[in-house]
Amino acid sequence: MRLSSKTNTLLALAALIALAPLFFPSSYYFRVGSLIFVNGLAVTGLVVLIGYAGQISLGHAGFVGIGAYACALAPVHLGLNPLVAAGLGAALSGAIAWLVGRPILRLKGYYLAVASLGFGALVSMVLANEAGLTGGPDGMTVPDPGLRALLKSVGIDLSNAAFWYAFSAVVLVIGAWLALNLYHSPTGRALRALHGSEVAARTVGVDVARSKLQAFVISAVYASISGSLLALQNKFITPDVAGYMHSIELVTMTVLGGAGSVIGAISGAVILTTLPQVLTVFQEYEQVMLGLVMMLVMIFMRDGLLPSLSRNIRGRGQ
Amino acid sequence: MPELMQFILSGVTVGAVYALVALGFTIIYNASDVVNFAQGEFVMLGGMFTVFSFEAGIPLPLAAAIAILATAAIGVALNKLAIEPARGAPVVSLIIITIGASILIRGLTQIAFDKQLHRFPAFSGDTPIQIMGATVLPQSVWVIAGALAVFVGLWLFFTRTLTGRAVLATANNRIAAQLVGINTRYVMTLSFALSAAIGALAGVLVTPITLTGYDIGIALALKGFAAAMLGGMGNPKGALVGGLLLGVIEALTAGYLSSQYKDAAAFVIILAVLFAMPQGLFGRQATDRV
Chain A
1 MRLSSKTNTL LALAALIALA PLFFPSSYYF RVGSLIFVNG LAVTGLVVLI GYAGQISLGH
61 AGFVGIGAYA CALAPVHLGL NPLVAAGLGA ALSGAIAWLV GRPILRLKGY YLAVASLGFG
121 ALVSMVLANE AGLTGGPDGM TVPDPGLRAL LKSVGIDLSN AAFWYAFSAV VLVIGAWLAL
181 NLYHSPTGRA LRALHGSEVA ARTVGVDVAR SKLQAFVISA VYASISGSLL ALQNKFITPD
241 VAGYMHSIEL VTMTVLGGAG SVIGAISGAV ILTTLPQVLT VFQEYEQVML GLVMMLVMIF
301 MRDGLLPSLS RNIRGRGQ
Chain B
1 MPELMQFILS GVTVGAVYAL VALGFTIIYN ASDVVNFAQG EFVMLGGMFT VFSFEAGIPL
61 PLAAAIAILA TAAIGVALNK LAIEPARGAP VVSLIIITIG ASILIRGLTQ IAFDKQLHRF
121 PAFSGDTPIQ IMGATVLPQS VWVIAGALAV FVGLWLFFTR TLTGRAVLAT ANNRIAAQLV
181 GINTRYVMTL SFALSAAIGA LAGVLVTPIT LTGYDIGIAL ALKGFAAAML GGMGNPKGAL
241 VGGLLLGVIE ALTAGYLSSQ YKDAAAFVII LAVLFAMPQG LFGRQATDRV
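The listed protein sequences correspond, in order, to chains A and B.
With the UniProt record's numbering, letter number 25 in the first sequence gets 25, and the count goes up by one each step, no holes.
With the UniProt record's numbering, letter number 121 in the second sequence gets 121, and the count goes up by one each step, no holes.
Worth double-checking, as some hints may not be accurate.
[Said to hold, decoys possible] Cross-link-like lysine to aspartate or glutamate pairs, in silico, DMTMM-like; alpha carbons within 20 Å at most: (1) A:K108 x A:D240; (2) B:K115 x A:E284; (3) B:K262 x A:E198; (4) B:K115 x A:E130; (5) B:K262 x A:E284; (6) A:K108 x B:E84.
[Stated by the list, open to error] From the derived model, a few chain A residues whose C-beta atoms are all more than 10 Å from chain B: (7) T7; (8) P25; (9) P103; (10) F119; (11) A162; (12) V170; (13) R192; (14) N234; (15) E284; (16) L292; (17) V293; (18) R314.
No lab work stands behind these hints: they were computed from the structure.
What you are looking at is a predicted structure, and each value in this text was computed from that prediction instead of being measured.
Positions of the beta carbon are idealized from the N, C-alpha and C atoms, including for glycine.
Next comes chain B alone, as it looks inside the complex:
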């Protein structure tokens, strides 16, 4: 039992990060129909900016805030410089543009900083906490709590604020949203900023556990993309469930079957789900427009 608990807790920690990445995919996808493969780079930037500001002597909370703002600015730049000019391009072109952006960001990070792995101290020490016979790092609690806070915050934003509803309206029908006077360009910019900030926050939360380096973004983007698809693209609830599910499946596979094939298990499950439910777990059924 403690063993199972241990696997589930570590799975939920990793899964929370996947869920945040998947949520970033979801927000941008809803606003612009673009799947942003540079999403993993936002997580990496969040970690890297915090590390280097912290090492420059800035207190950790301030360093984290700077990292999140800087990454949000990069997200906005990505939208303005690459996504907006490519409006209406086919899916394959958009995939290549955002993958190109992720390679570019990786390259610039490597030049601006370095190729080493980095970490900064955990927020509240490294003394493990005992939960039902399993041990958890305090930082894991930060990651899980942070992910939950983001979800609650976003839910309130989308349901309780006018801006949030404008984003939902744009996601639902871009042209109709424009007709009722919503500035859809602003909504897109906001979505990129929000999505980048959430990615960066995930990076800030998880770096004390998993470390950060210029090339950690690819794996995270793939896992987040898979999690978003598993849940059903464009559905925030799907992103949360898909991310957590993916994390737990990986941890259980690594624990009970084979640590080498933990990624394989995740992909096999995703393939199985997509074959049974081609729109993902919570995806809406789309109809073909002729």
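For reference, chain A alone in the conformation it holds in the complex:
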């Protein structure tokens, strides 16, 4: 019996996540791991938008910000549990994406880039300036959802870092599973068709505007949940999460690893999340190295790191 590539992908991902802690010398590694999963989740959403549908967004950190601040604000003002707040943030992000996406997605290429950039800038500006509500640039604290305490009461006692490692890993695997399923669904096929050629997709009956909007809303929900996870595990949030640089980082991770595949993009998240941690040793050279990696991969491995490498390996095997 041959397993489908989807199942293989998910099993490989789950195995890697489960086995990695065996090699962790300290809890700091759990912390980096959960940061990778948080970014990996947002990046999985961008695979749907960039890799499947071929649309770019330079403002997705705006949705990350909405998700993050939902977890901080809703418990204070509405008395909700932070996890419920995360769901609320995801719904809000989806609704905003639906509203904003309709006009924005009519634009193409660089015009779409600047429009989405403008959207992201607006969100981060509101978060930074409405100090009375959001604490302004100083940020605000995020309450604990009480999940770890719940686990402890049934006898599973995890350290804080290990708990968030496990929790974000589960969310990431679910997110990857959904995105992989979408790839082979009619919606996914429609998205890939319009990626190839919008005109051709339209002639075979794909509702191009509707499909693009679906991809945008889905990727916004992923970004929002990623923001919520980040807020919950950091227990503190600043407007930087919604900033332009974070949007760029997410798009770079997606394309660096390979926007066409979920695993490729997640490997991009692994590289760009760990690189700054490794490079703190050479703090002076951090930006130089980051810029070089971005340029070299995009110039010499146009489809992204993972697809290019696997093609090389397969090519040599023949």
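Knowing the structure of chain A, use the given hints to seat chain B on it.
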């Protein structure tokens, strides 16, 4: 009235810088279909090179000339080392390559110089000039005059010289230009040099007012990119109008509404324009090729 005049004058000064950055975007976009997100870095380099040459004892005009030439050389290097090898890559890859280049340049500047903010003296003193009840720094006049001079110069270059027309021909149709014997690789190199030099000049002109530091490029690139889009990508007239409009809208918002949301106003206007006119104010309508 003097208040309004004051806001408009300061808006035009900032807008002139945005217009120069937008013009840099336009020149490179026309020659190569690449939007160069490292454009803001050219402005930063223009300021930084001038500061450090000046502090090393070189007279200011010479220091400025060195800065512009050095930045132009960096622009050429960017084209040769990063853009040419990536010919034909999709828009997203090109965006990431040029953003990578901007991060790289920022990092190298920080190592070569420092993380401080710097300035050098204004060209003709700091005594404010009175215009219709508003006060203007003499350096603002330099910025505005410099931007106008660049536009006139470029207009003459594009309409009156053979090289300029070769650039226009390449912008219009790359393959047709090659067929009539235009060296399009040379045109691309020239465009990067020109665009970097214009950016550096903007940096030289504006540093006495706004100061320069290794990280001032990002904000300028975003504003210049937005201005170029507002005007219609690839159109020099659009770059000028888009830049000035953006500067004035920001200044008026900061003056009458809220200084915190001045950037928001600019983006709201740009979004509104793009929704009504998806090609920008002066953009040409493109048709899909199947």
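Evaluated hints:
1. A:K108 x A:D240: Violated - the C-alpha atoms of A:D240 and A:K108 are around 27 Å apart, more than 20 Å.
2. B:K115 x A:E284: The given pair, whose Cα atoms are some 11 Å apart, holds under the 20 Å limit.
3. B:K262 x A:E198: violated (37 Å)
4. B:K115 x A:E130: violated (29 Å)
5. B:K262 x A:E284: violated (33 Å)
6. A:K108 x B:E84: Violated, because 23 Å separates the two Cα atoms, which is more than 20 Å.
7. T7: holds (29 Å)
8. P25: holds (30 Å)
9. P103: violated (5 Å)
10. F119: A:F119 is in fact no farther than 10 Å from some Cβ atom of chain B, at 7 Å.
11. A162: holds (33 Å)
12. V170: holds (30 Å)
13. R192: holds (15 Å)
14. N234: A:N234 is indeed farther than 10 Å from all Cβ atoms of chain B, at 24 Å.
15. E284: Label violated. Min Cβ-Cβ 6 Å, cutoff 10 Å.
16. L292: violated (6 Å)
17. V293: Violated, because the least Cβ-Cβ distance between A:V293 and chain B comes to about 8 Å, which does not exceed 10 Å.
18. R314: Per Cβ check, A:R314 is outside 10 Å of chain B; nearest 22 Å; holds.
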